[in-house]
Amino acid sequence: MIDVCELSKRFGKTVAVDGLTFTVKPGQVTGFLGPNGAGKSTTMRMILGLDAPTAGAVTIDGRAYRSLRQPLHEVGAVLEVRAVHGGRSAYNHLLCLAQSNSIGRRRVEEVLDIVGLRDVARRRVGRFSLGMSQRLGIAAALLGDPPILLCDEPVNGLDPDGILWIRTLLRDLAAEGRTVFVSSHLMSEMALTADHLIVIGRGKLLADASTTEFIRTSSHDYITVRAANPLALAELLRRAGATVHDEPDGDQPALRVAGLGGTAIGDLAAQHGIPVYELTPHQASLEAAYMQLTHDHRDFAAKSEEHVQ
Amino acid sequence: MSTEMNLLQSEWTKLRSVRSTYWTAAVATLASIGYGIGICARTAYNINHGHQDPHGLDATLTSLNGLYIAQVAVGILGVLTISSEYGTGMIRATLCAVPQRRTMLAAKGAVFALATLIGGEILSFTAFGIGQALLASAHVGVSLHDPGALRATIGGGLYLTAVGLLGFGIGALLRHTAGALSAFFAVLFALTAITDLLPTNWRNVVINYLPANAGNQIFNVLRPHDALGPWAGLSVLCLYALAAIIPAALLIERRDA
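Protein chains in written order, with the working numbering: chain A, 1 to 309; chain B, 1 to 257.
Worth double-checking, as some hints may not be accurate.
Stated by the list, open to error - Which residues of chain B face chain A? A few of them, derived with a C-beta cut under 7 Å, are:
1) Thr13
2) Ala97
3) Val98
4) His139
Said to hold, decoys possible - Here are some chain B residues the structure puts well away from chain A; computed CB gaps all over 12 Å:
5) Ala41
6) Arg42
7) Thr103
8) Ala193
9) Thr195
10) Val221
11) Ala243
Hints in this document: simulated from the structure, not taken from any laboratory. Note that this is a predicted model, so its numbers are computed, not measured. In this text, a Cβ means the ideal position worked out from N, Cα and C, and glycines have one as well.
If we strip away everything but chain B, and leave its shape as in the complex, we get (with noise of 0.2 Å):
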């Protein structure tokens, strides 16, 4: 087996072996699958109960709603899978054992990455089916077939995959927990309140480009007139990833750990 074989070998053990992967991976499918039934039941109950109007439902959408909530978790075991090597002194260890910083850095990340697109595909998928068939109960539910759902419903994991390398690049970056995790938030949550200090206009335009509001665009079919279109949108998100995770690669080489 090839060298890099083997490393990537050694940060999948590192990542399926302590307890955060699993509380994140438990919260996730708890707050993709469990909040997206909540939702689409409600819906589906007040469509046939005369409470809602079914005109201009994004049904998708509706039943990825619990996305929002899973990328917390997903963006804190970002953080936490490099962070934590810095803050328990394991990083020693593992720069003695990988003294090619940048290539560990990248093992580290394709491994954290690979796992989140697949679990994140997976709560993307199974939050559609749940939710479209609570919906077909008050005739609303859409398939995979409807035009623009099959591309959300795979953005939904390909979303969770970029915030969870947003939180991955951020903790790199700053290499504390506490300090990666509060700017990991503010990055995905505080700009949005930042920007209504902008004048209307300019903040009307800039609030497409945050972050959240950038690359949810992918899992949204019916699409606010004036937001990036979905693949544009999470482009730019994983523009923000990028941005934390290329000094973090640089910085890497030149720190001392």
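Just chain A, with the same shape it has in the complex (with noise of 0.2 Å):
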């Protein structure tokens, strides 16, 4: 359990980390979402006791961090990608920090198999490929079998077959009851991995429920109309009701219409005599959910698109 309370950063003028309180349980997986430069980073950083907090508090179990003895055995964290020693093989990478919390080299061993490096084990870190590094990462969060595990933007940079390991391995390891924190800023991989969403924007609290409950609260369905006289359907959509705006996506001219179903929509054009030719109905997505919650909450959003393409 990882309690955040009233937690706030700030680094001279910028306020990285505003006022932010939540609770992160175990056996599930809690996604940390928000846009890049959201303050995700700091936070996880505040959490390992790595950053000092300007305000607020964070405990694991209800202790601070940086008042554990050999916290291996009680959190394991991946953080951003290359927190290695480049000269270093892997096994002696783990093996220095498995030392340092009374762990023996016959862990180091069983981590380096959990994670499929065992023969890469003896190579140089910084000649390892990102995926590599992710799962050295992952292998050294591994190593005292914690109940609690961070990772920052594990999956950030993998491939295919990579983003669907950690996604079965983090999934596998809540469900053996134990606390998976999560952060990222992919919407997409979110809402395959975790069942509870915390959501951050410019370091304030945007939203912090499950997955579904997210989904169903954040975003409404919509349905796009193409007819033969929109301005004049447009109109009567209103009268009846309906929030009407111009479809912004496809290429023929259409409208967006939340707040009717499609059969209202048809039996409305019908009684006037505008012939409908197309009747979508849309689903709202995880995606959408958060591109409009988030929307007024970016910092940098050009650049944050670009990481998301």
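Assemble the dimeric complex from its two separately framed chains, guided by the hints.
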């Protein structure tokens, strides 16, 4: 269990994290979502005692991280890629971390097997691909067989195989009853991995809900309508209580209608003799919900969109 | 095994598993022994051929002259031992594993100091042994039983350790490899040039308190009359190292990693 309470972090004049309060519970994957620059990594670093909060507190099962002795047995963390000395072999990297927490060589061999790096264990880490580096990070996090796992952007830059592997691993670890907290700016990935979502933007909490609840409440279904006389139909639909906009997507002019079902729209058009060519219902995706929620809360919007691609 | 022993073991694994350790050890070995052989052979040749007056020769110091070069390698290793953790990001993994930062710094410093001390003593005694054998051909060699020789030879290893810890302290304080190396060289060498700006009578006093001049008295047998004594000089060098290590140890708990 991770308890974040009124947590704030200021770097000079920049407020990176602004009064965050949430709890991460065991037995499920909790996604930590937000655009780049939203404060996810800073929050993760404060949870791990690497950065000191400007205000507020974080506790791990009731205790501050900095007060834990041999914390690898309690919390495993996958930090941003390459928090390793590139000149060291994978085996020695894991060994020095293991020794500092009284973990034996046998466990080092075990985690190398779990992440599939045994064959390259004696190679220098600097030569590792991004995927291998991520696996090494996960191996380090698993050394102490901890009940709590934190992963900062674990799928960044991975190929589909690697992403699937991490997703399965995280879900399995949560199913064993562990607390799994995963940050990402990739909505689609979190939709597949997380049971619960904590969404932040510009350091502030935007949502703290189960993934299904988040989709249901944060976004609205709508229907794309293409008709012979869109202006007249739009007027009729508005009078019937619908919200009508021009459809921004697609190559032919159309209406985006929310608040009225497909049957009602069709009936209304028929009554007024307007031919309808298309009625396409759209289900809200997590992506859309996320976009809508964070729309006003992004830093460096252009930059983060580049990353989303 | 106690937690502290495990921590020392972990830092030893770190030190022995990167190439920079072996490179700097190789350079220190080549410098202290290779250079020592060269200078002792030349001195013996010059004396045998009447080019040099053996009177007033500090035979011990002559054989330990390579330590002046070896100190550079040891100091660089001291800097890198800690600054490379910050440079590579390894420090975050380290501090996640050992959030008791001052304890981690102490363990890292202790392992580095012990490794340097053992290595330094081996180099110092080897350089003395080979150097004196060469000087003996000109009948100017001394033995460890001669006055000051044993102290100076033990002192050679102590000096390298103290210089290494100065580098370590500066590395821990500045956390940035290039900056820390520059600062290390500035403290060890550039300060001497700066003292030339002082009035001469001040300069002549201050110069004895600069880290290298003070510290290397420990492996001088024939001491210039105004220089610090061997142990006082070594203590002054240690104070420089502490002046870097103490603020680093105070700051490490407060700084974001």
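Going through the hints against the structure:
Here the hint on B:Thr13 is kept, as its CB sits about 4 Å from the closest CB of chain A, short of 7 Å. Against a cut-off of 7 Å between C-beta atoms, the interface hint on B:Ala97 holds, since the closest Cβ of chain A lies about 5 Å away. Because the closest C-beta pair between B:Val98 and chain A is about 5 Å apart, less than 7 Å, the hint holds. For B:His139, the interface hint is violated, the least distance from its beta-carbon to any beta-carbon of chain A being 49 Å, above 7 Å.
At roughly 37 Å from the closest C-beta of chain A, the C-beta of B:Ala41 stays outside 12 Å, upholding its exclusion from the interface. A cut-off of 12 Å between C-beta atoms confirms that B:Arg42 is not in contact with chain A; the least separation is 38 Å. Against the 12 Å criterion, B:Thr103 falls within the reach of chain A, whose nearest CB is about 10 Å from its own CB. B:Ala193, annotated as away from the interface, keeps every beta carbon of chain A farther than 12 Å; the closest lies near 34 Å.
The Cβ of B:Thr195 lies farther than 12 Å from every Cβ of chain A, with a closest approach of about 38 Å, so its non-interface assignment holds. Every CB of chain A lies more than 12 Å from the CB of B:Val221, the least distance being 40 Å, so the non-interface label holds. Separation of B:Ala243 from chain A is adequate, the least Cβ-Cβ distance of about 25 Å exceeding the 12 Å criterion.
Of the numbered hints stated above, those contradicted by the structure are hints 4 and 7, listed in ascending order.
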